[in-house]
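Participant: What follows is the residue order along each chain.
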Amino acid sequence: MPTTSRKKHGENLYLAAYARFARDLPGNGRSWIGAMRQEGIERFESLGFPSTRDEAWRYTNVAPIATTPFALKPEARADALTPDLFEQLAFEPWECTHLVFINGRFSPELSRTRALPRGVEVGSLDEALDSRRELIEPHLGRLAGMEGQAFTALNAAFLRDGAFIHVPKGVVVDEPVHLLFVSSTNGTAVMSHPRNLIVVGEGSQVTVLESYAGLDAGASFTNVVTEIAAGDGAVVDHTLLQRDGEGAYHVGTVQARVGRGSSLSSHVISIGGALIRNDINVVLDGEGADCTLNGLYVTHGTQHVDNHTVIDHARPHGTSRELYKGVLEGRSRGIFDGTVIVRPDAQKTDARQVNRNLLLSDDALVDSKPTLLIRADDVKCSHAATIGQLEEDALFYLRSRGIGSGMARNILIQAFVSEILGRIRIEPVRTGLECLLYTRLHDGHRRDTEVTP
Amino acid sequence: MLEIRNLHAKVNGKAILNGIDLKVHAGEVHAIMGPNGSGKSTLAHVLAGRETYEVSEGEVLYNGKNLLDLSPEDRAREGVFLAFQYPVEIPGVSNMYFLKAAVNALRKHRGEPELDALEFLTMVKERMKLIEMDHNLLNRSVNEGFSGGEKKRNEIFQMAVLDPKLAILDETDSGLDIDALKVVANGVNALRGPGRAVVVITHYQRLLNYIVPDRVHVLSEGRIAMSGDKGLALKLEEKGYAWIGAAEGAARPATA
Numbered sequence: 007m008p009t010t011s012r013k014k015h016g017e018n019l020y021l022a023a024y025a026r027f028a029r030d031l032p033g034n035g036r037s038w039i040g041a042m043r044q045e046g047i048e049r050f051e052s053l054g055f056p057s058t059r060d061e062a063w064r065y066t067n068v069a070p071i072a073t074t075p076f077a078l079k080p081e082a083r084a085d086a087l088t089p090d091l092f093e094q095l096a097f098e099p100w101e102c103t104h105l106v107f108i109n110g111r112f113s114p115e116l117s118r119t120r121a122l123p124r125g126v127e128v129g130s131l132d133e134a135l136d137s138r139r140e141l142i143e144p145h146l147g148r149l150a151g152m153e154g155q156a157f158t159a160l161n162a163a164f165l166r167d168g169a170f171i172h173v174p175k176g177v178v179v180d181e182p183v184h185l186l187f188v189s190s191t192n193g194t195a196v197m198s199h200p201r202n203l204i205v206v207g208e209g210s211q212v213t214v215l216e217s218y219a220g221l222d223a224g225a226s227f228t229n230v231v232t233e234i235a236a237g238d239g240a241v242v243d244h245t246l247l248q249r250d251g252e253g254a255y256h257v258g259t260v261q262a263r264v265g266r267g268s269s270l271s272s273h274v275i276s277i278g279g280a281l282i283r284n285d286i287n288v289v290l291d292g293e294g295a296d297c298t299l300n301g302l303y304v305t306h307g308t309q310h311v312d313n314h315t316v317i318d319h320a321r322p323h324g325t326s327r328e329l330y331k332g333v334l335e336g337r338s339r340g341i342f343d344g345t346v347i348v349r350p351d352a353q354k355t356d357a358r359q360v361n362r363n364l365l366l367s368d369d370a371l372v373d374s375k376p377t378l379l380i381r382a383d384d385v386k387c388s389h390a391a392t393i394g395q396l397e398e399d400a401l402f403y404l405r406s407r408g409i410g411s412g413m414a415r416n417i418l419i420q421a422f423v424s425e426i427l428g429r430i431r432i433e434p435v436r437t438g439l440e441c442l443l444y445t446r447l448h449d450g451h452r453r454d455t456e457v458t459p
Numbered sequence: 586m587l588e589i590r591n592l593h594a595k596v597n598g599k600a601i602l603n604g605i606d607l608k609v610h611a612g613e614v615h616a617i618m619g620p621n622g623s624g625k626s627t628l629a630h631v632l633a634g635r636e637t638y639e640v641s642e643g644e645v646l647y648n649g650k651n652l653l654d655l656s657p658e659d660r661a662r663e664g665v666f667l668a669f670q671y672p673v674e675i676p677g678v679s680n681m682y683f684l685k686a687a688v689n690a691l692r693k694h695r696g697e698p699e700l701d702a703l704e705f706l707t708m709v710k711e712r713m714k715l716i717e718m719d720h721n722l723l724n725r726s727v728n729e730g731f732s733g734g735e736k737k738r739n740e741i742f743q744m745a746v747l748d749p750k751l752a753i754l755d756e757t758d759s760g761l762d763i764d765a766l767k768v769v770a771n772g773v774n775a776l777r778g779p780g781r782a783v784v785v786i787t788h789y790q791r792l793l794n795y796i797v798p799d800r801v802h803v804l805s806e807g808r809i810a811m812s813g814d815k816g817l818a819l820k821l822e823e824k825g826y827a828w829i830g831a832a833e834g835a836a837r838p839a840t841a
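Protein sequence lines correspond, in order, to chains E and Z.
For the first sequence, this note's numbering assigns the number 7 to the initial residue and increments by one for each residue that follows.
For the second sequence, this note's numbering assigns the number 586 to the initial residue and increments by one for each residue that follows.
Please keep in mind that the hints were generated in silico from the structure rather than gathered at the bench.
Keep in mind it's a predicted model, so treat the numbers as computed, not measured.
All residues carry an ideal CB built from backbone N, CA and C; glycine is no exception.
Heads up, a few of these hints could be off.
[What the hints assert, rightly or not] Just the calculated beta-carbon pair ranges, DEER-fashion:
hint : chain 1 : residue 1 : chain 2 : residue 2 : range
1    : Z       : Asp814    : E       : Leu396    : 40 to 46 Å
2    : Z       : Pro698    : E       : Asp368    : 48 to 54 Å
3    : E       : Pro75     : Z       : Ser656    : 50 to 56 Å
4    : E       : Lys386    : Z       : Glu639    : 43 to 49 Å
5    : Z       : Gly733    : E       : Asp368    : 35 to 41 Å
6    : E       : Leu442    : Z       : Ala600    : 47 to 53 Å
7    : E       : Gly428    : Z       : Ala600    : 43 to 49 Å
[What the hints assert, rightly or not] Going by beta-carbon spacing under 10 Å, a handful of chain Z positions derived as facing chain E:
hint : residue
8    : Val596
9    : Glu658
10   : Leu819
Generate the whole structure from the sequences, applying the supplied hints.
Facilitator: Okay, here's the thing in structure tokens:
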């Protein structure tokens with residue numbers, strides 16, 4: 007039997023960091039959120055970090071996260087975030103509300119807000135915790151449970167800031183909202199535990215881009231939890247973009263509850279970071295609820311991206327469409343573990359789950375584990391997974407028309423990737439990412455590029 | 586224009602072509618007929634540069650150059666075109682984008698400026714009329730979800746746009762109804778000219794009613810068993826391929 011009394015080095019680091027964090031909280035952390043933090047650290051202490059013996063963490067070793075002494079380093083500004091870099095990270099000239107967070111803390115100076123429809127609230131969670139308690143308390147931590155979830159518990163323990171978005175009943179927010187989280191290490195291993203809460207009222211609509219970036223290649227650990235409550239008939243489009251730095255460890259959970267006749271689209275684009283672990287969990291909790299989960303991981307070097315998704319069909323007539331695609335180069339590693347649950351009540355569920363992977367090198371590795379757990383009898387569910395290389399037939403076809411082998415490869419890779427990018431609804435983000443990824447994928451194959459005689 | 590000398594080729598170690606000799610002059614149309622498994626498609630793919638086929642002996646001269654030394658893309662750039670028996674579906678790549686990339690690769694090779702979007706569209710629209718191709722197919726992914734006939738038409742359309750010197754049609758007629766067959770024939774006949782040559786590979790004589798060949802060759806067990814004028818195709822239609830074996834057997838010593 008494993009003993010919990012013998013605390014491990016890694017957990018101790020975080021317990022000590024928590025003690026410092028709790029001590030320095032304003033008002034000694036006695037706000038209503040204090041109980042949640044306390045529960046979080048206790049839960050984390052008893053769970054400890056997951057190991058590769060845990061089925062859900064089989065392929066992802068979190069030892070580097072557990073053993074690096076990451077520090078909380080809240081900063082209001084970051085010199086490395088130059089106007090040029092901001093332009094790039096904010097997809098300018100895209101104009102929208104950008105909330106900027108440095109090492110997990112909201113930076114009013116760097117943020118840009120624009121007029122939003124009446125009653126819509128977009129801002130720092132920290133600032134809203136007391137003033138909007140009646141709105142936040144029913145959702146915060148209720149959507150993303152800590153049970154068995156060490157990282158969610160750790161996030162709760164260090165809960166301090168993040169974004170709070172509230173769209174009241176019947177409001178359509180046309181302009182997307184961008185939440186930009188940047189890590190700035192300046193030589194210190196930094197961590198942040200952002201918590202985002204997005205509450206969308208009945209019949210309302212909102213589009214959110216949640217993006218992460220590193221200002222340098224230093225070691226950082228981002229452990230984020232985003233909770234989304236989509237009311238009945240609401241339409242929510244959520245894009246998670248991970249452009250973390252080379253030394254970044256990123257563990258993220260998105261927990262969404264989708265109400266009756268409501269629709270959630272999620273896009274998860276992972277391109278930067280040393281280690282990324284995503285848990286995207288959606289509960290279709292109303293009749294006729296609908297969700298679309300799109301994912302794209304493009305990795306090279308020794309990057310490691312582990313995507314876990316759970317779509318829980320809890321009510322009848324739900325629809326889910328899931329498509330995750332990976333393009334892997336170098337010695338990088340990708341994991342797709344997707345589960346679709348259909349509860350006994352959820353008759354007439356229509357679920358389709360697909361994972362496709364393109365390996366561009368001999369040393370890249372993918373594990374794909376699509377799972378259907380069906381407890382109802384009148385449903386339509388399918389799943390598929392493929393792992394392969396560029397198709398020789400297609401390459402030859404292109405070459406037989408005069409297209410060089412390097413360009414033929416690029417065309418096929420682009421086509422593979424564009425199926426996901428094309429679904430991103432925020433136009434500047436879609437075109438920006440197309441540009442970024444195509445350049446990167448082409449560069450990766452410069453060695454194969456044709457030599458024109 | 587094309588001279589094939591004693592060509593031998595293998596797939597996965599299995600000999601498919603066993604010494605093909607063939608000369609095609611500019612301005613000519615040759616038909617290569619033969620039963621299934623006689624090596625017709627292998628010959629087409631070897632000429633286009635498919636790497637899965639291993640040439641073990643012989644040579645192929647194309648306008649004086651050693652064709653087998655060129656990559657598939659360089660063969661295309663030099664004016665060789667293969668209309669595939671089974672055109673490949675490429676999801677996510679539009680027909681238009683694909684063709685533009687191909688046209689410009691060929692132009693670049695010839696030292697001509699690339700076509701801009703408008704010039705390209707004008708040229709494409711003109712060629713589409715020839716093939717009577719549905720305009721919507723241009724914006725769809727290459728061959729994806731196309732019917733068999735649409736795929737074949739798309740091959741001929743590509744041929745019309747790329748304007749090759751040597752076109753090789755690999756069973757482009759199989760599975761086509763008579764209207765589509767005429768369209769294919771129109772495309773090929775429009776290409777006929779003094780500086781060009783066409784090799785039509787077919788199982789049936791039917792297409793040759795519309796594309797009248799200068800020479801007809803019968804392929805059998807990886808060799809050209811018989812050659813003749815267009816009358817040979819009619820004879821084959823009447824007597825069947827078994828007749829070739831019998832005729833050949835009679836002409837050769839039994840020990841061959």
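Participant: Range first: 43 to 49 Å. Now tell me if the beta carbons of E/Lys386 and Z/Glu639 are that far apart.
Facilitator: Distance hint for E/Lys386, Z/Glu639 holds at roughly 47 Å.
Participant: Can Z/Glu658 be said to touch chain E, with a Cβ gap under 10 Å?
Facilitator: With a minimum Cβ separation of about 5 Å from chain E (threshold 10 Å), the hint on Z/Glu658 holds.
Participant: Take a look at whether the Cβ-Cβ distance between Z/Asp814 and E/Leu396 falls inside 40 to 46 Å.
Facilitator: holds, 45 Å
Participant: Can the suggested window of 47 to 53 Å be confirmed for the beta-carbon pair E/Leu442 and Z/Ala600?
Facilitator: For E/Leu442 and Z/Ala600 the Cβ distance comes to about 50 Å; the hint holds.
Participant: For Z/Gly733 and E/Asp368, compare the CB-CB distance with the range 35 to 41 Å and indicate the outcome.
Facilitator: holds, 37 Å
Participant: Is it true that Z/Pro698 and E/Asp368 lie within 48 to 54 Å of each other by Cβ?
Facilitator: With a Cβ separation near 40 Å, Z/Pro698 and E/Asp368 fall outside 48 to 54 Å, so the hint is violated.
Participant: Could you check if Z/Val596 really has its C-beta closer than 10 Å to a C-beta on chain E?
Facilitator: Violated, about 14 Å.
Participant: So, Z/Leu819 near chain E? Judge it on the closest CB pair being under 10 Å.
Facilitator: At 32 Å from the nearest chain E Cβ, Z/Leu819 fails the 10 Å test, so the hint is violated.
Participant: Between the beta carbons of E/Gly428 and Z/Ala600, is the distance compatible with 43 to 49 Å?
Facilitator: holds, 47 Å
Participant: Regarding E/Pro75 and Z/Ser656, is the given constraint of 50 to 56 Å on their beta-carbon distance met?
Facilitator: holds, 55 Å
Comparing the model with each earlier hint shows violations of hints 2, 8, 10; every other hint is respected.
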